[in-house]
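Take a look at the letters that make up each chain.
Number of protein chains: 4
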Amino acid sequence: MRKTIVGVMGAGNLATPTDLDNAYKLGQLIAQNGWILLTGGRKAGVMEATSKGAKIAGGLTVGILPGNNTDNLADDVDIAIVTDLGNARNNINVLSSDVVIACGMGTGTASEVALALKNQKKVILLTENQESKQFFSSLSPENILIANTPEQAIALVKQIILQHSLTTNQ
Amino acid sequence: MRKTIVGVMGAGNLATPTDLDNAYKLGQLIAQNGWILLTGGRKAGVMEATSKGAKIAGGLTVGILPGNNTDNLADDVDIAIVTDLGNARNNINVLSSDVVIACGMGTGTASEVALALKNQKKVILLTENQESKQFFSSLSPENILIANTPEQAIALVKQIILQHSLTTNQ
Amino acid sequence: MRKTIVGVMGAGNLATPTDLDNAYKLGQLIAQNGWILLTGGRKAGVMEATSKGAKIAGGLTVGILPGNNTDNLADDVDIAIVTDLGNARNNINVLSSDVVIACGMGTGTASEVALALKNQKKVILLTENQESKQFFSSLSPENILIANTPEQAIALVKQIILQHSLTTNQ
Amino acid sequence: MRKTIVGVMGAGNLATPTDLDNAYKLGQLIAQNGWILLTGGRKAGVMEATSKGAKIAGGLTVGILPGNNTDNLADDVDIAIVTDLGNARNNINVLSSDVVIACGMGTGTASEVALALKNQKKVILLTENQESKQFFSSLSPENILIANTPEQAIALVKQIILQHSLTTNQ
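Protein chains in written order, with the working numbering: chain A, 1 to 170; chain B, 1 to 170; chain C, 1 to 170; chain D, 1 to 170.
Mixed in with the good hints, there may be bad ones.
In this list, chains with the same sequence are indistinguishable; a pair is considered to hold if it fits within one copy or across any two.
Claimed, not checked - Dumping the calculated DSS-like pairs for lysine-lysine here, alpha-carbon to alpha-carbon at most 27 Å:
{"hint": "1", "residue 1": "K43", "residue 2": "K3"}
{"hint": "2", "residue 1": "K133", "residue 2": "K158"}
{"hint": "3", "residue 1": "K52", "residue 2": "K25"}
Simulated from the structure, these hints should not be mistaken for laboratory data.
Just chain A, same shape as in the assembly (with noise of 0.2 Å):
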């Protein structure tokens, strides 16, 4: 049966530290849940951050990877999907993902966030970027939700997928 999936989404070299710290705990949390990590699968930043917390705390991680071999792969990465679709692959990562959490803010994760909406997927925005969250919250407000630190983000995590189970187990 089809297991849940988080979707962190975030920057790889620019990444900030926070950014970091937060992927790490947000890995953490997502395997202490029992629920699968998705990212966007390289050796670079939030994706690398989150997959070595999700390992740590014994989780399963998923990796979408934009070339078309597993060179750069996260090293906790489990199971590399391998797309050759340079970034096309950030609509798969969000179509992927039960909810998508935005750890941090650059151009790669503003196309995943509005991929996300585009599809009416729920976004979790985990972000020191202020302009991104009223643009989001604009565009799209009954989909964008603000946390500011990982637990919170956790907590909305388990509120979106609560709801989507009442709602199609009806």
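Got chain A; can you put chains B, C and D on it based on the hints?
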């Protein structure tokens, strides 16, 4: 020899009357400058209006469709590219455009702006949405340009194409 | 209004001299019939030869590139569609073509023939590769047609387009 | 650390009874060897049968879906990757598999074999379709292997993985 392509991105059914007027005018001006117009191809909103403007002015129009057939193609598209990629086709829209103009704003358009910036493309914003201007300008100040009218947008396109031509011919 | 597109698929560096001659001739004939030529866009083999033939005859050429820029674009392509999809762009090649001609045979071309058949497209095989004719004819007898010369291939394209036009206008 | 993935490709509704028996057995053997099973994910034919075999044997299953949701997911898929790419997702199926097994033959499966060969992947054919064996063996003799039973296919997978492991650890 490859022709210059200008992409006009914008909403379908959620486009505002101002967006539609701007889109039509942009299409005319793009055609009058001898450039090819590229859009998301659907028979709706900005895609339809800007293709109509370009054809009235005798231009050539390309539409990059998300579906697997041409059923929803705008009447004024000459060349339909059928991708069957859903919203992942947004990355093709921006990669294939020498310059990207965002005409209006929505979740799909936001994804195209973000993907264009991720790919180091120049993007011209022509929209009443203030939050989007603040966000994208802060995200990528060197690649975001703001226009208040279609004419201003086209003047910026000319500058970008001239600059790019000077750079690559050095 | 949408123009008719004929796709010519074939190998890059592994194309045989016969394939290249056929590709050039196909390009000429496609242009002379007023159709748009669509190829994989690269500056190599069948893609390059058929685009050259079409331009010599005054046609319009589209190239669907696998990479994320136009560095390897064939000189005679007018409209470059930049996909960054690698070989996944092969599906776009066939979906965007009203009729597909396989000129020669190789692993990439075989994938395009198979994807075209999967999408219920008619495919004309113009190749010395006997095993491919036997296999694809057995796989999808109703959608595979065999040509021995470029002229025969073009005659088949005409029949298919006429038939399709009659069906959809009923 | 990345786990080994074996892809089993095959038809949906057009799968033969022999294909379904082979698919189920392949799934069991893949799970018993500790490998992850990857399929096209749909609730039909080979995809469904092989996922069921793997789960019965306690394995982990991944499904790469063509649509934009999980409505048609096979019951025995643990991890659903939602691509919304239509048949372009076939390229992801083969790129993500360390070894590809074609179980049966059809237009979709043929595209996967061809794409795998294009990407220099080893492909094991387990099919009653003689023309496909002749064609693909002639196209890429170094990367096509023929099996007559699921057990033979799995023995070939072991050889390929061992060989690859020796090569990359040198």
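So, going through the hints one by one against the coordinates:
1. K43 / K3: both (24 Å within a copy, 16 Å between copies)
2. K133 / K158: within (21 Å within a copy, 33 Å between copies)
3. K52 / K25: within (9 Å within a copy, 35 Å between copies)
When each numbered hint is compared with the structure, no violation occurs for any of them.
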